[in-house]
Amino acid sequence: MSNSEKTAAIRTRIWREEPEADNPFATRAAYCRGFDVYGEMLGNARWVEMLYLLFREQAPSPAQADLLEALAVALANPGPRDASVHAAMCGGVCGSTAASTLMAALAVGAGNLSGGREVYLAMQGWGECGTDVAAWRNRRERLALGMDTIWPEPEHPPGFDPHGVSTATHVKQTLSCLAGLSEGIYLVWLQQNLPELESIVGCPLALSGVAAAAFADLGFSPDQGEMLHLLLRLPGAAAHALEQKPLGYKNFPFGTVELENEEQP
Amino acid sequence: MSERKYGPDSLQENVGVLKSRMGTFYPGSHVIFRGHDLHRDLKDMDWMALYVFGITGRRFSEQQLRLLHALWTYTSYPDVRLWNNRVAALAGSARSTGTLGMAAALAVSEASIYGGGNYTRAVRFLVFAREHVAAGGDLAECVHQELKRNRSMAGYGRPLVNGDERNPHILALAEELELDQGVYLRMALEIEQILLASRMRIKMNYVGLSAALVADMSFSPREFYLFAFPAFLAGMPPGFIEASERTEGTLYPLACDDVLYEGESCRPWLKSGNDVPI
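Quick mapping for you: the protein sequence lines, in order, are chains R and Y.
If you read the first sequence in our numbering, its first letter stands for residue 1482, the second for the next number, and so on.
If you read the second sequence in our numbering, its first letter stands for residue 880, the second for the next number, and so on.
The shape of chain Y in the complex, shown without the other chains (with noise of 0.2 angstroms):
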């Protein structure tokens, strides 16, 4: 990455020129993606394996590829009480359309008790606590730190049960795939003992084992952040199709007195400027 320049001078540079080395299209030729023909070179490429190289710029393995695919499909919930999966749902409800009702789904996905705001904290705390761990420093002690600093552990605990039904599976196809001795899965399970037998008892959830399980392939944490962006997508079109297929406004319906106000008591508003009620 070049060094970043400020000033209208640096801003000028840049008028009328798009510089990329990502990639461009052709229009009716072809499309350069990362340095590589899309049609000619890339064109039997498996999807993720296409998303993850655009994101990373490596290629991944086969079976590096089947445990990236299984991260995205273990977390596919059809559930319309999941808050992210439930925007989806009112949209459909709401008769709006299902890329808008999607799109804002994925975009609260990034929430910070679940999903996009926990990736880049978690495996920012691995590559860290591996760090401080091979300075020679103690893993309990780091990970008291870290509860201590932020009063919680990304990849750890879970807003509705503490375990995660994702993470047996996970583990069982890591192990199928021979993907289950990396020294960051093995620092993750490590860290959860830790945690077990801290006052707060919490164990590893599934952003936890997903960090450890993407950290032993190289992932940076803003790669893993960008690769977990969809892994909730497919649990969202069941609950869009079937708000949308019931009548309208019939999800979540809420009566006048299913809403407990807790506020100010009835007072008569007075117009600006005036103190004497309207």
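Chain R with its partners taken away, still in its complex shape (with noise of 0.2 angstroms):
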């Protein structure tokens, strides 16, 4: 039966494997987008080069690898502060699974508030309104209208940071230089309009604004920089959890809860 024939076959335009003559389920040769990844990728191409290449037909210029890489780095580690990391290191803490503290990370990491979710709704407004000011400012109100899904609703405008009071140096920073190695225009146009935008928002960017522009600046999707955002933030998530290990749950926060009268419905 040819391929075209099985009705079961998983399709796919990114991997394709050919099989030893002894074994149809082992891999003699594995082909990335066409790139033949043990034979010639393997030792030629940057990690940044293979992730990008998964996600997109064709392998990143080599302005668009740098970009990745420091965004990468940017994302590398959100701290041991951040709630996904504090959940992967309440796993990490009392012995839970390494499998369950990254998914810990990854739910917490999930949602509005620094996390995928608020990369994806970023990433929409620069789909929606571009390098237009006025774009900007009446997506800042349509935000305030329900929104149909099982997330929460947004409470801040996605990619700026609702407990901030002037931009953070390390946002700063990270736009500097990540608009300093794009091709893309966003970034820049950030950069150069980022007093206008965070007096119409009211607060200042957060870093997964800058992530979210970044993205769009790749040519990612929102569904591809939300993914995206979510794996490159796991290393840090990993590290602290497993650092916390050895320390014990005797050496973690744990704190007392101060009881509120229930309200009777």
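Treat the hints as calculated values from the structure; they're not laboratory data.
Everything numeric in this text was worked out from a predicted model, so none of it was measured.
Glycine included, C-beta positions come from ideal geometry on N, C-alpha and C.
Just to be clear, a hint being listed does not mean it is correct.
[Said to hold, decoys possible] Facing chain R, from chain Y, some residues (calculated, C-beta under 7 angstroms):
id, residue
1, Ala973
2, Leu1130
3, Asp1137
4, Tyr1140
5, Arg1146
[Said to hold, decoys possible] Over the 12 angstroms line for every Cβ pair with chain Y, so calculated as not near, a few chain R residues:
id, residue
6, Ala1555
7, Gly1560
8, Ala1588
9, Val1614
10, Trp1617
11, Leu1662
12, Val1669
13, Trp1670
14, Glu1679
15, Gly1683
16, Ser1702
17, Met1708
18, Ala1719
[Unchecked claim] Distance condition first, Cα-Cα at most 20 angstroms in a straight line; then the derived EDC-like pairs of lysine to aspartate or glutamate:
id, chain 1, residue 1, chain 2, residue 2
19, Y, Lys1150, R, Glu1538
20, Y, Lys922, Y, Glu941
21, Y, Lys1150, R, Asp1563
Dock the two chains into a complex; use the hints.
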């Protein structure tokens, strides 16, 4: 039976494997988007080139690879104060499985506050508004309307820090570095128009907002940007979870609860 | 709910302080669950009753709890072809842990074509439609507007077949328990008639019926969403166990040729910044 006749086959534009002569389940050669992964890419391709290639049809240009790599460095560790890393440490400190600590980081880091969903919504903003300040102003008003999804309604403009006072230095440093590397239009425009945008939304830019503009400059869709943001923040979660493991729960904040009266329905 | 405050002052106010109206435990002593002592006041509570009490803060009648139990029981399918169940079973086949497999399986149940993604939409629409009709609006017009807006109707239609084998059994139980006369259920059935008469000819599914029944118990969209979270759970362990007992890796094995490649042809890799193939 030929491939095209197999109704149960998985269809993909990403990956093709050739079997060993003695075993149809063992890989003799694997091709990613047509490139020989183990025969040519291995030892010659950068990790970010492989990452980009998995999500896009073509390999990145050197400048795109540099931008993605710099973004990956910026996102690699949200730090132990971040809720997603905190969640991972809750797993690590009590000896939970490695996968569950990453699942915890993914779940908590998926939402509207600094998470994947925030990047998704911010990237939708780049698609809808582009480099039109008036459109960003109108979007600010539209976002207040109800959204019919499983996600909670955004409580702040996606990509901006609702608890911020001024643009944090590490956000400015990241924006400056990435804008300098980008061949796209969004990061540079964001840097040039930041004061006006922050004035419109009423709070300072967050790292998630820089990430969203970078993903947009790299040509990723909001779905791809959301997924990559989730992926690229995991290294720090993993490292902090492992670090807490030998320290144990006695050295990890537990706290006390002040009970408030339950409102009777 | 108190007014939301933002900024570093708001964060500072909450440093080291955990305020809760939901509960806490006093190690070695007792546990407070929504204002009640878990081991004294709630010790005889049915688990479902406790679960929905934790979500809603309300108590439900024996009849209502039986119906809520049934909503979970009737959708517990031990079939590993179902995408969420397959995650649990693949975890078994790949020799992962049961908790990881089933936790991931429950998480992917929050899908858009089935499960979690439809729960809140279904209840929200029922509440909206009821208000629309109460204000003198037309239900059919409301349904058609929703279809136009979303190109689908949460609670109606199904990925694999049109029709839902769970619904007759749920309706029969609701009738037996005298929980079949609610305003939302009657409206949901009316919506089904509108859709059957339309070009789409789609029937009510499990989510649509469940949403109507729990809306008649005054569940909010979020309360329904949280209630429904474990709905598929009982169907997952059998698949995990069976896959764990078979030879490792033998669930859904795929030979290299079972992957239908539709992408770029073979091409040489150009090393970064280089135009020359390696």
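With a cut-off of 20 angstroms on the C-alpha distance, tell me whether lysine 1150(Y) and glutamate 1538(R) pass.
-> The hint holds at about 17 angstroms.
Distance rule for valine 1614(R), whose beta carbon must clear each one in chain Y by more than 12 angstroms | 24 angstroms, holds
12 angstroms cut-off, C-beta based - alanine 1555(R) kept clear of every residue in chain Y = 20 angstroms, holds
Non-interface label on alanine 1719(R), tested against every C-beta of chain Y at 12 angstroms = The claim holds: alanine 1719(R) sits with its nearest Cβ about 16 angstroms from chain Y, beyond 12 angstroms.
Could you let me know if the closest chain Y CB is still more than 12 angstroms away from the CB of valine 1669(R)?
-> 22 angstroms, holds
Supplied contact hint for tyrosine 1140(Y), tested at 7 angstroms Cβ to chain R = 4 angstroms, holds
Per-residue hint verdict: aspartate 1137(Y), partner chain R, C-beta under 7 angstroms | For aspartate 1137(Y), the interface hint holds, since the closest Cβ of chain R sits about 5 angstroms away, which is under 7 angstroms.
Least C-beta distance from tryptophan 1617(R) to chain Y larger than 12 angstroms | 20 angstroms, holds
Is the hint on alanine 973(Y) kept, meaning its closest Cβ partner in chain R is under 7 angstroms away?
-> 11 angstroms, violated
Against chain R, with CB atoms and a cut of 7 angstroms, does the hint on arginine 1146(Y) hold up?
-> This interface hint holds because 4 angstroms falls under the 7 angstroms limit.
Leucine 1662(R) and chain Y, when compared Cβ to Cβ, separated by more than 12 angstroms | 14 angstroms, holds
At a threshold of 7 angstroms, is the proposed contact between leucine 1130(Y) and chain R supported by beta-carbon distances?
-> 14 angstroms, violated
Checked against the numbered hints above, the structure breaks hints 1, 2, 8, 15, 21 and satisfies the rest.
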